[in-house]
Amino acid sequence: MLKLLKYRKRKISITDKLIIYYVSVSFLAVVIMGWVAFDTTKNSLFERTFSQLTAIREVKAREMESFFRSKLNETKSLAESVSMSDSNFRIIENFIANSEKYSGYMITDNPALLFGDRFKSGVNNQIIDYSKINKESGNYEISIIAMIENGAYLVMKIDESPINKTMLEMNPESGFGLSGESYIVGSDKLMRSQSRFVDNSVMKIVVKTPAADSAVAGKSGITIIDDYRGISVLSSYSPLNIPGLDWAILSEIDYSEAMKPIRSIETRILLITSIISILTFIITYLISKKITKPINRITSVINAIGSGKLSERNRIGANDEIGELADSINVMASKLQDQEIELEKEKKKRFSIATDAQDLERERLAKDLHDGLGQSIFAIKLMLERIEPRRLNGEGMLFKDVKEGIDNSIEEIRRISNGLMPAVLKEFGLPDAIRGLCKTISENTDIKVEFNDYLTEQITDKRTKIYLFRIAQEALSNIAKHSGASLAYVEISSGGYITLEIRDNGNGFDTELAKKGDGNGLYNMKERAEAIGGKLTIRSGEGIGTHISFYREGA
Amino acid sequence: MIKVFIIDDHRIVLDGLVNLIQADKDLEICGTASGYSEFMDKIQSCSPDVILSDISLPGKSGIEILKEITNRLPNAGTIMLSMYTDEEFIFNAINSGARGYLPKNISGTELINAIKTVAGGGEYFSNDISKKVLSSYIKKARNPEENPSATSLSEREKEILKLYAEGKSNGEIADALFISIRTVESHKNHIMHKLNLKNPVDLVKFAIKNKYIEL
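Those protein sequences? They're chains Y and H, same order as listed.
The first sequence begins at 1 in our numbering and counts up one residue at a time.
The second sequence begins at 556 in our numbering and counts up one residue at a time.
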């Protein structure tokens, strides 16, 4: 359940977190900076483009205005220099041929008939957009009118070609690039100069755009609109100040061309954003690895310590917080280890004290039974022996029963005393005592126990003697009770060391399982072995039986 | 008169024995002691025919006294008297020169009989004691000892010798037997010492000769 809960909470590593944080922060920063740069560039680009458009528009407007002003003056001078005689017409024709600006002329004494209310009577010198009147003809004709005399008027005609000459600009180097143009519209929104993009557009194409509307309405300004072709353009517009002509001039350039530099900036910003993001990712990854690696190492050390490997230590690493953490954990582990060692020592000491006390108590009890009670009862028996049977007055049977009872008591005392602490051990040493154990099992069970004594010298230390005897006793008792063996072998040997080996050919047992419980006194055996400075190895399993081996360096 | 010396550290038993023996007209007490030193003091002024001794005594045991008697008074017969009837007690007593062994639940009559038998130069073992001696002898007769030079090695030593003769290194032997390399070396030295061998080559020769390995 605990494990389940642990896994339900999804693990996000520090590396992941750092990468997410740093990449998003850097991405955001780059995006904001990019956007600001983009916007600033775009605005300044607009500003520049518009001012360029306006400048060109102004230049064109001035040119057109001065063109018409000069044509008006020319016509006026011409009218003043001629009179209503045929010879004069030649002068006019010559003038027209030389100037190349005029498409023709006429002389009329009734201009109102020709121009209707467009003609302002009383104005000697004026311009009339005749094409507007004569729309159906589709002809483009600007009439420059000047009074000759006596109500006769000279009308000079101008067609689109001189206007186009000024307005139409095809050269990309002119500041208009590939999509820029200036053109003129009349108040009827019809084009009065040739479009750069549509042939024969004069008087054919209607420019229905907000820019044209505003310009015709007498306003000037800049705007972004869809032009007569339906293409998005930056437009600078203003009315033309030519008396008699309610025209407007527009300079426009395609939005896409004007924004071309922005596109490359956009691409560059995108590229930079990507590069910075990738770099941030890589750097963050490397940094986080540098941070998490020692943390992971510390974690595994802590886990090892947690699982009982108290000798595990962190390597002394960086001189930072993590290094301090590692040091602290090392100190903690050392203290734990010290405590563990202390505890283990204490445990062993207590075990020794308790075991020694128990052994001592048993020995004392055995001695009391044997030397005290046993001898007393034997003495009583000897006293009874002195009673003459003939003085028993027929109580012979009872007398015999009493003696038998005494015999049984002595036997019982001997048995108990031997069980507590075999006298053989005390009187004749370890080999004889173990031999006695082996013999007892051989006699009382179906297990044949063989014993070999290879001691080169007697074991004199009483504690060693008693502990080894107890180990052998415990092992043999286990063999008798649990092993199912038919043969057992015990040997004791020495020679700069002491070994005690007990083997059987039984079923064996699971040593791991036995460790958990206090299985068959294995723990006690091991503790006893260690308490006398030795080591007990237990091997067991199907096929090999059980092999208990005590080994101690030194005699 | 048969002179009897009694050694027992239990006053009450000693008194009982003295009373019992004095009641017999053929026996007399020439001295009693409760331990080795007292016995050594008193034995100077008394030459007993039979010595009756307990085995479990404070200080030196009855067996030690028995050895002393066997050396100093070869003519005196000694009967060991003990609460214990373990084989180890009996054989240790016999090996040290006891001519009789009686458990401490013996009847007075049998005790007197035993003293008289031993005094007459014979040996006396009570019924259950004789049985134990006999069954042990039978067991030994049925399992004759093998070649003593080979059996003087312990099973562990034999294992080590076999592995060594097979060409295994100390480390491999240690791994195979779950013991330390130092232990293996210690065992090997011990084997050479036991068999009175001079060098490792002799060790291998011995293993081959005694068929620990097959060639």
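Please note: incorrect hints may appear among the correct ones.
Listed below are the simulated DSS-like cross-link pairs for lysine-lysine, each with C-alpha atoms no more than 27 Å apart in a straight line [as the list claims (entries may be wrong)]: (1) Y:K335 to Y:K345; (2) H:K743 to Y:K526; (3) H:K717 to Y:K426; (4) H:K753 to H:K717; (5) Y:K535 to H:K686; (6) H:K671 to H:K687; (7) H:K717 to Y:K448; (8) H:K671 to Y:K403; (9) Y:K439 to H:K713; (10) H:K686 to Y:K439.
By construction, these hints were calculated from the structure, which means they are not laboratory data.
How the hints compare with the structure:
1. Y:K335 to Y:K345: 15 Å, holds
2. H:K743 to Y:K526: 26 Å, holds
3. H:K717 to Y:K426: Given that 27 Å is the threshold and the Cα spacing comes to 36 Å, the pair is violated.
4. H:K753 to H:K717: With a Cα-Cα distance of about 18 Å, the restraint between K753 of chain H and K717 of chain H holds, given a limit of 27 Å.
5. Y:K535 to H:K686: With Cα atoms ~40 Å apart, K535 of chain Y and K686 of chain H exceed 27 Å; violated.
6. H:K671 to H:K687: Within the cut-off at roughly 23 Å; holds.
7. H:K717 to Y:K448: 25 Å, holds
8. H:K671 to Y:K403: 23 Å, holds
9. Y:K439 to H:K713: This hinted pair holds, its Cα atoms lying about 24 Å apart.
10. H:K686 to Y:K439: 15 Å, holds
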